[in-house]
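Start from the sequences and build out the full structure, keeping to the hints where you can.
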Amino acid sequence: MIKLFASKLFFRSVLIFNTVIVILPLLFIVNSSLRETNDFARSPMKLATHPYWQNFKDVWAGGTFPTYMKNSLVVTGGSIILILLLSLGAGFVLGRYKFRGHSIILGFILSGMLVPAKLAILPLFIQLKWMHLLDSHIGLILVYTSGALPAAIFIMSGFFSALPSDLDNAARIDGASEFQLLRIVLTPLVRPGLAIVAIYSAIPIWNDFFLPLVFLQSPEKKTIMQGLTAFFGEYSSQWGIIFAGLMIAALPLITLYLIISEQFIKGLTAGAVKG
Amino acid sequence: MAKSGLKRDQQRFTYLLLLPALLTIIIFTSLPALTTLSYSFFHWTGFQRGGFAGTENFRRLFAFPFRDSLFMAMRHNVLVFIGILIIQTSLGILIAYALYRLKRGQRFYRTVIFLPVIFSLVIVGYMWQAMLDPFYGPINYLLHKVGWDSLALTWLGSTATALPTLVFINLWRWVGFPAIIFLAGLNAINSEYLEAAKIDGASEGQIFRKIMFPLLAPSMTIVTVLTFIGAFEWFDLPYVLGGSSGSPAGATDTLALMFYRLSFGSVDSGANEIGIGAALGVLIFTVVGIGAGFGSKYLRSREVQM
Numbered sequence: 001m002i003k004l005f006a007s008k009l010f011f012r013s014v015l016i017f018n019t020v021i022v023i024l025p026l027l028f029i030v031n032s033s034l035r036e037t038n039d040f041a042r043s044p045m046k047l048a049t050h051p052y053w054q055n056f057k058d059v060w061a062g063g064t065f066p067t068y069m070k071n072s073l074v075v076t077g078g079s080i081i082l083i084l085l086l087s088l089g090a091g092f093v094l095g096r097y098k099f100r101g102h103s104i105i106l107g108f109i110l111s112g113m114l115v116p117a118k119l120a121i122l123p124l125f126i127q128l129k130w131m132h133l134l135d136s137h138i139g140l141i142l143v144y145t146s147g148a149l150p151a152a153i154f155i156m157s158g159f160f161s162a163l164p165s166d167l168d169n170a171a172r173i174d175g176a177s178e179f180q181l182l183r184i185v186l187t188p189l190v191r192p193g194l195a196i197v198a199i200y201s202a203i204p205i206w207n208d209f210f211l212p213l214v215f216l217q218s219p220e221k222k223t224i225m226q227g228l229t230a231f232f233g234e235y236s237s238q239w240g241i242i243f244a245g246l247m248i249a250a251l252p253l254i255t256l257y258l259i260i261s262e263q264f265i266k267g268l269t270a271g272a273v274k275g
Numbered sequence: 001m002a003k004s005g006l007k008r009d010q011q012r013f014t015y016l017l018l019l020p021a022l023l024t025i026i027i028f029t030s031l032p033a034l035t036t037l038s039y040s041f042f043h044w045t046g047f048q049r050g051g052f053a054g055t056e057n058f059r060r061l062f063a064f065p066f067r068d069s070l071f072m073a074m075r076h077n078v079l080v081f082i083g084i085l086i087i088q089t090s091l092g093i094l095i096a097y098a099l100y101r102l103k104r105g106q107r108f109y110r111t112v113i114f115l116p117v118i119f120s121l122v123i124v125g126y127m128w129q130a131m132l133d134p135f136y137g138p139i140n141y142l143l144h145k146v147g148w149d150s151l152a153l154t155w156l157g158s159t160a161t162a163l164p165t166l167v168f169i170n171l172w173r174w175v176g177f178p179a180i181i182f183l184a185g186l187n188a189i190n191s192e193y194l195e196a197a198k199i200d201g202a203s204e205g206q207i208f209r210k211i212m213f214p215l216l217a218p219s220m221t222i223v224t225v226l227t228f229i230g231a232f233e234w235f236d237l238p239y240v241l242g243g244s245s246g247s248p249a250g251a252t253d254t255l256a257l258m259f260y261r262l263s264f265g266s267v268d269s270g271a272n273e274i275g276i277g278a279a280l281g282v283l284i285f286t287v288v289g290i291g292a293g294f295g296s297k298y299l300r301s302r303e304v305q306m
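Residue numbers (the UniProt record's numbering), protein chains in the order written: chain A, 1 to 275; chain B, 1 to 306.
Misleading hints may appear alongside valid ones.
[Said to hold, decoys possible] Cβ-Cβ distance ranges computed for the label pairs, FRET-style: (1) B:T45 / A:M131: 41 to 49 angstroms; (2) A:E262 / B:S90: 44 to 52 angstroms; (3) A:M131 / B:S90: 20 to 28 angstroms; (4) A:G101 / B:G201: 52 to 60 angstroms; (5) B:I26 / A:A48: 32 to 40 angstroms; (6) B:K7 / A:G63: 55 to 63 angstroms.
These are calculated hints, taken from the structure and not from any lab test.
This structure is a prediction, so every number in the text was calculated from the model and none was measured.
C-beta atoms are modelled at their ideal positions from N, C-alpha and C, and glycine is treated no differently.
Given below as structure tokens:
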């Protein structure tokens, strides 16, 4: 009985310890972002009893920060829309039609999952330059879309092939065209798959640092993660502003995560966990 | 007649829906991936391709002055892989099992433990830079407070501690990921096995060691392979905290950083060496491909035996 209690206590304290390690640095950032820089420098560990909101205003008024955020929204949003549209269509065809070359095409798409984007970066750089898509959000969106599509199509075709085939026949007898079948009958049914695909691709794109670093040069085109490095160079010892900047950059995802954490976990581990 | 109309509709629809996706993948993934290899066999001046170079780029990569930083970077990647694999995997299993035992409150802990995984490594990097700051950071503040002044090091600033510190930061960010994968593995175990073992009088430790741990092998394969790929393509965190040259004094240099310097030039040396960069890219790709391929094959074969 004592032993049972001891092991219960041990495993419970593992979880509590982990929670503290995760939360404390975040609390430190939140607290410090609400303090005036000189006040912080005098005593870094004091609580922000009188919140100093000016830091947030300063970050936002600096001009570059809202631009970075807007660029990230455009790039991530554009990629997600393209990924969802293309994987919905391709997933439908591969999940519900039988045709010659089906398995070859599926195999080709799956092989795309094995290519690490980082190592194709040199030819990609020169190719984008040649296509006049370097230093452009559209170029970045196309590269992200291409990188996320194989997994997205794989996930979507799985969702489509799991639906009963009676649905198609019933819709066709009722006179629905193939397009109507996809849009009206099947798309609402694969919505959970679309949610997984959206999260699976959105988080890494929003968080990505490497591709913008290589492909975007103009300051006004930079994404938030790339912009943060410039921002930190600019405000190297103005702690209040730095912490407020970190908060603003991290806030959108944290908020979303706290609302739909289960979908986040499912989406981000999709591909690693079966079922 | 109606049947063939449907067939024609389907055929048209197949092309219409498949082609855009296929073309995007071919143009922006397949083509560049295939041409990387060819780049390594040519001379380059900046981004201008010159004549055929044979294996010269590869030979130069393994000669002075690149050889030393190549081997140092590779050593760091290997150390990081081993470090992450041992620490992150064992902690991941421990947390997963602690979650698995919970009857209530699993959702709360799961949400908290997975939270750092959604953060960008840029944000995580700067956050820990502030946490570990020698003058203003809470870590050293606490160490001084409890009198362990000798432990209050310049964590990211000295060559001895920089790489282990980066591995720790990586651990903080990633450990929720293997934990969730192992939890899914534990949940997939048939409870009849566990009941039978309990009836036979096996202790909790015995059940874990003899039944659950071997049945976690598929999750272990996934985590190991993903860790391997991640470790040999390690870029964001060392770049954010040590710059493209892996400061201090190259202590956090990795193969991917060296690839970046060679391909796109660096602050100190300026010019880029695309041919040698491409040769290094091919080398990394080969290591990752062979390692992940053979590794997963070997680990899978052990799964079957169990």
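(Q) Given the hint of 55 to 63 angstroms, is the C-beta distance from K7 (chain B) to G63 (chain A) inside that range or not? (A) holds, 58 angstroms
**Q.** Pairwise beta carbon distance, E262 (chain A) to S90 (chain B), judged against the given window 44 to 52 angstroms
**A.** About 26 angstroms separates the Cβ atoms of E262 (chain A) and S90 (chain B), which means 44 to 52 angstroms is violated.
Q: Please test the hint of 20 to 28 angstroms on the beta carbon pair from M131 (chain A) and S90 (chain B).
A: This hint is violated: roughly 47 angstroms between Cβ atoms.
Q. Does 32 to 40 angstroms hold as the CB distance between I26 (chain B) and A48 (chain A), or does it fail?
A. violated, 53 angstroms
(Q) Taking 41 to 49 angstroms as the stated bounds, is the beta-carbon spacing between T45 (chain B) and M131 (chain A) within them? (A) Hint violated: Cβ distance 22 angstroms, outside 41 to 49 angstroms.
Q: Take the C-beta atom of G101 (chain A) and the C-beta atom of G201 (chain B), compute their distance, and say whether it sits inside 52 to 60 angstroms.
A: Holds, since G101 (chain A) and G201 (chain B) (Cβ atoms, about 58 angstroms apart) stay within the stated range.
The structure is inconsistent with the numbered hints 1, 2, 3 and 5, although it conforms to all the rest.
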